[in-house]
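**Q** Heads up: the sequence shown is residues 1 to 647, going by this note's numbering.
Rather than coming from a laboratory, the hints here were simulated on the basis of the structure.
The beta-carbon is built from N, C-alpha and C at its ideal position, and this holds for glycine as well.
Any given hint might turn out to be false.
[Said to hold, decoys possible] If you anchor each label on the Cβ, the simulated ranges turn out as follows:
#: 1; residue 1: L401; residue 2: W133; range: 47 to 57 Å
#: 2; residue 1: K465; residue 2: M356; range: 18 to 28 Å
#: 3; residue 1: M303; residue 2: K242; range: 27 to 37 Å
#: 4; residue 1: G417; residue 2: T358; range: 48 to 58 Å
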Amino acid sequence: MDQSIYQDEAFGNNSIPASLMLQQQEQTELPLAERTEPPLLSAEELAQWRWANVENLDVYFQEVYQYFLDKGWYCTILRRLTSMITVLFVISFAIYLGYCIDYSKLRGATTLEQIRVQHCLAKAPFHTKFLLWVFVCLWLLKCFQLVADSRRLWEMKMFYEYMLGINEQEIQTISWRQVVERIVKLKSLNLAAAGRTGEVPKARALDAHSIANRIMRQENYLIALYNKSILDLNLDVPLIGKYTFLTKTLEWSINLCILDFAFDAKGELRPVFLNEGRRTMLADGLKRRFQFLAVMNIICAPMAVLYMALYYFFRYFAEYHRDPSSMGMRTYTPLAEWRLREYNELYDIFRRRLSMSTAPALRYISQFPKERNEIVLRFIIFICSAFAAVLGTVSIFDPELLSLELTKGGSVLFYLGILGSIIAVARGMRAMESEILDPEGAMHQIAEFTHYLPDSWQGKLHTEKVKAEFCELYDLKIKVIMRDLLSIVVNPVILWYNLPESSDKIIDFFREFSVHVDELGYVCSFAVFNLDHANKMKARADALDKYYSTADGKMLKSYLNFVDFYGPNAGKAPHRRGSIHAHRMSQPSSIMENSVMGRYDQMKLSVVEETVTEPEPEPVPDTSLHDSGVFGILNKVAKGQGKQRFI
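Kindly produce the complete structure, drawing on both the sequences and the hints.
**A** Next up, the structure:
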């Protein structure tokens with residue numbers, strides 16, 4: 001959750017005023033007021049006092065949620081320790097393999113001592129020694145940071161145990177919705193610790209919607225940026241054409257450039273971004289940030305590609321060696337994750353939704369068998385199986401034949417391993433045999449969980465074109481890994497050429513899609529779920545309709561998904577409704593009728609469009625989240641006050 005602060009002298013003091021320079025600021029371990037903790041308090045009273053004196057609720061709730069994701073104090077410490085040891089092992093092992101082994105003596109050697117180089121680090125070149133010392137310093141710094149953070153994590157443990165009544169065992173299985181329910185109950189709690197200091201806890205807007213907005217204040221903006229395709233991530237690839245490129249490393253670079261520029265150390269949007277007169281200055285500053293990070297990517301490229309290659313090799317070698325067919329496994333790409341994630345949808349909720357879509361996604365892809373590929377794969381499997389059968393049978397009668405060299409340096413055992421791997425990979429690439437050929441039904445099942453079914457796909461779900469577009473979102477895992485390695489070369493190109501061209505649009509986006517909510521501050525307008533205001537914007541001139549709307553109805557889907565998770569019927573079996581579309585009547589139980597996508601389609605059919613010809617006045621900041629936001633709408637719907645119009 002934490003975003004590191006980035007500072008670059010290349011911005012120039014003349015270009016951006018001092019108020020905008022992103023200086024490195026010392027962050028407190030907990031976002032508490034600068035007060036001394038009262039003495040002689042029990043652990044429970046101290047936890048109450050800390051809760052009563054929280055100053056920055058954004059950072060605090062982010063830490064509360066991160067603690068929930070990490071599953072408690074012991075798991076958090078253990079995860080961070082193993083992560084640091086993993087990095088230390090990868091670097092140390094790489095240096096040992098690179099400088100401490102004499103590979104010219106490898107053939108014929110019988111012991112490690114025969115090929116090991118004595119005092120190998122002393123013989124390493126200067127740049128390796130320098131980088132090694134830099135790594136050691138950074139690693140020790142992370143150790144000190146872990147020790148310092150352990151106190152903050154322990155205080156969070158006390159908050160969970162004493163304020164929420166959740167111990168280390170319960171946090172392993174409790175849902176986030178239940179955690180939020182317990183946090184909301186704290187709003188009316190009379191805190192004894194605050195009374196000791198003569199202070200009264202300030203009024204806080206505590207409900208599921210405001211908590212989600214605080215945790216995802218920055219991520220909601222990113223979701224909207226990707227949803228509206230404001231970031232130019234397209235590359236012109238020969239023979240392929242335009243290709244949208246996004247990897248985890250590029251995603252990290254984008255977040256560093258945009259979020260640390262737009263938000264201050266408290267995680268709040270900088271007021272200067274709302275000033276249209278500063279548009280050019282801000283856009284120029286953002287361009288320089290992109291280009292500076294492009295240069296840094298080039299400088300760090302050799303180390304980064306080496307580390308990533310070794311890390312992926314060590315991580316996946318055993319998996320692919322044990323089960324070569326796992327090379328055919330698929331995963332959602334980073335671009336797909338941003339396109340499919342919804343406003344105010346926390347990460348664990350989103351990952352659960354994607355996980356439930358994997359089975360129908362694999363079934364959908366398997367509905368497109370390519371007979372030519374099947375013929376070739378069956379032939380390869382047959383030939384390799386024949387050789388493997390002969391070699392395996394012979395070695396059973398005479399095990400010593402396993403060491404027989406069929407070719408120079410290639411024994412029977414070696415070729416048995418190669419043939420077995422080829423057979424496993426070929427079998428993994430073959431299409432799954434489906435009992436029923438129904439790509440439309442499979443895609444509707446996918447959409448039930450992903451909430452993604454573009455209008456351009458309607459009536460074409462059985463075509464190779466739609467399948468290819470879906471596979472761009474749900475790609476082979478090995479291809480995602482290869483793109484991560486390729487990104488070391490591609491990232492500087494996108495950061496230097498593509499993204500600077502989007503700087504003006506990014507600055508405009510923050511100004512035009514930020515809305516102020518009392519006790520919450522500026523948030524992304526789509527995340528407020530103010531559907532009335534959104535449809536007033538939607539009813540403007542047709543030329544602006546697409547710009548002020550979310551693509552594929554994302555805001556409405558986000559609203560419905562949010563109500564599904566946090567609403568009064570969350571976790572209960574949905575009430576059965578009739579089929580929405582006539583052509584779905586033949587499907588058992590109408591696959592999507594109770595899903596977010598089904599209700600979205602139903603609401604689209606019931607929407608009554610209105611035309612507004614008069615220009616709207618400049619929107620004023622929202623004064624009440626509960627009157628105009630998601631819970632205000634829920635109250636209106638419950639009271640039957642008119643029809644709601646949606647984007």
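**Q** All hints, please: hold or fail.
**A** Against the structure, the hints:
1. L401 - W133: 47 to 57 Å: holds (52 Å)
2. K465 - M356: 18 to 28 Å: This hint holds: roughly 26 Å between Cβ atoms.
3. M303 - K242: 27 to 37 Å: With a Cβ separation near 31 Å, M303 and K242 satisfy 27 to 37 Å, so the hint holds.
4. G417 - T358: 48 to 58 Å: This hint is violated: roughly 30 Å between Cβ atoms.
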